[in-house]
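Chains as they are written, first to last, in the numbering used here: chain E, 7 to 269; chain Y, 9 to 196.
Don't take every hint at face value.
[Stated by the list, open to error] So the derived label-pair ranges between C-beta atoms look like this:
1) E:25 with Y:30: 42 to 50 Å
2) E:232 with Y:34: 28 to 36 Å
3) Y:30 with E:37: 20 to 28 Å
4) E:58 with Y:33: 45 to 53 Å
5) E:230 with Y:184: 22 to 30 Å
6) E:67 with Y:158: 47 to 55 Å
7) E:234 with Y:30: 18 to 26 Å
8) Y:180 with E:30: 20 to 28 Å
9) E:215 with Y:135: 49 to 57 Å
10) Y:26 with E:33: 45 to 53 Å
[To be verified] Counterexamples of contact, computed for chain E against chain Y with all Cβ distances above 12 Å:
11) 16
12) 18
13) 22
14) 41
15) 59
16) 63
17) 64
18) 72
These are computed hints drawn from the structure, not numbers from a lab. Even for Gly, the Cβ is constructed at its ideal location relative to N, Cα and C.
Spelled out, the chains give:
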Amino acid sequence: MDCRTASMLLQPCFDGELDEGTAASVRAHIAACADCAREMAALQALRDAMKRSVPRYTAPQSLRDRLKQPIPSAGPAAAPLRPARRFPPPWLAIAASLLLAASLGAGLAWRWGPAGPAPAASELLLHDLVSSHLRAVAASSSVDVLSSDRHTVRPWFAGKVEVAPPAIDLSAQGFELVGGRVDYVGARRVAVLVYKHGQHVIDLFVLPEDTPGMTGGEATAGAVMRQGLSLVHRRVGDVQAWAVSDLDSKELAAFGDALAGAH
Amino acid sequence: MIPSSRSDGPNATDDKVSRIEALVLPHLDAAYNLVRWLAHSEQDAADIVHEAFLRAVRYADSFQGGNARAWWLAIVRSTYLTWVSKATGSRAPLSLEEVTKAGDEDQPADPGRSPEELAHWSQCADMLAELLAALPTGFREIILLREMEELSYREIADLLQVPVGTVMSRLARAREMLRRAWAERRAG
Ligand SMILES: [Zn+2]
């Protein structure tokens, strides 16, 4: 194994994420390479130091007491547990994604979240959209594919999501396409186009027609507000879309109109 | 929350609560530790974990087997994110540029930490804990999940809802930042 490959695999090896054969090759390289050996020792030193000196907090008794208090009931009746899922084989996908650098969006087979039609499916949908948007802006990067060229962004989603996003250029209206990512709404992977308007980020979620809560007509014309964010629903050609942003609701509605009108 | 008048009655809810208790209470310390490290405050951490517990009961049906700890920590984390967005009030979320910048440069400690908190650190934890507390949240979080909770890359990817490749690169970056800060502190 050459040093370049080994150095990419050092951390997964250190974290026990490699299959035994690959791990053995990495270890063989480390035994012969001073640079990689030093790197591995540094990782171990950091881990040891953390174990020694980083305190682990335990839940206070007052919290345990609070959790014992009766909970007002909410939500639908309990559904029977489904059989346990298994995690996919850990290493295979990692090796492929790492070495081919093609990991973007090759994400998760499943997620957790509100399952099935809930009492207010449209509310859960809004909750999901807001959470996804907040998660994305809190992450170190909210775009998986960075491109202002709609002809690059659209094909990038092929095979990754059920519903392909529309390729619409709104730069003349002041909404610049910066890229896209694959995100989750309910249990589905959906395309998100990321636009910018000044300093504001707009996430445009392109949703399957049968998304629970999708038909909630409340927001069709104007914007709704949740947690300080604006949300606008539009039909764009033959797809359903929700835009989420910290733009004010009028501006986001204007974005929605531009989008619907451009198609 | 509104008390239910549904026909499934209180028993279904009781069942759900006991099921969730069985799932998450063994991992209560893990949840509290994670949030305590993210939120920097005992009271906030307790409130967030409490709220997360209520959510877990509400979303009980979404647990379809698998790793209960990772499922629970995912709920805890999303409750934390909601809490952050509420706590920052009308302030807009970070813009994309700020976010990108935060990933590219070393950031100072969270301005929200009080002098008492800093004094506390200097007394009972050594500098590595302090340096960890000063990492930007996204990097602090991934180190905690890996080194303290010992979650696998796959579990972290599912929890953060990012591709495994992103977990690897963010973890590597977080370690690099922490190591550099640590080396500088030891040298200085
Ligand atoms: Zn080497």
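Here is how each hint holds up against the structure:
{"no.": "1", "hint": "E:25 with Y:30: 42 to 50 Å", "verdict": "violated, 34 Å"}
{"no.": "2", "hint": "E:232 with Y:34: 28 to 36 Å", "verdict": "holds, 33 Å"}
{"no.": "3", "hint": "Y:30 with E:37: 20 to 28 Å", "verdict": "violated, 47 Å"}
{"no.": "4", "hint": "E:58 with Y:33: 45 to 53 Å", "verdict": "violated, 28 Å"}
{"no.": "5", "hint": "E:230 with Y:184: 22 to 30 Å", "verdict": "violated, 42 Å"}
{"no.": "6", "hint": "E:67 with Y:158: 47 to 55 Å", "verdict": "violated, 25 Å"}
{"no.": "7", "hint": "E:234 with Y:30: 18 to 26 Å", "verdict": "violated, 36 Å"}
{"no.": "8", "hint": "Y:180 with E:30: 20 to 28 Å", "verdict": "holds, 22 Å"}
{"no.": "9", "hint": "E:215 with Y:135: 49 to 57 Å", "verdict": "holds, 55 Å"}
{"no.": "10", "hint": "Y:26 with E:33: 45 to 53 Å", "verdict": "holds, 47 Å"}
{"no.": "11", "hint": "16", "verdict": "violated, 9 Å"}
{"no.": "12", "hint": "18", "verdict": "violated, 7 Å"}
{"no.": "13", "hint": "22", "verdict": "violated, 8 Å"}
{"no.": "14", "hint": "41", "verdict": "holds, 15 Å"}
{"no.": "15", "hint": "59", "verdict": "violated, 4 Å"}
{"no.": "16", "hint": "63", "verdict": "violated, 4 Å"}
{"no.": "17", "hint": "64", "verdict": "violated, 5 Å"}
{"no.": "18", "hint": "72", "verdict": "violated, 5 Å"}
Checked against the numbered hints above, the structure breaks hints 1, 3, 4, 5, 6, 7, 11, 12, 13, 15, 16, 17, 18 and satisfies the rest.
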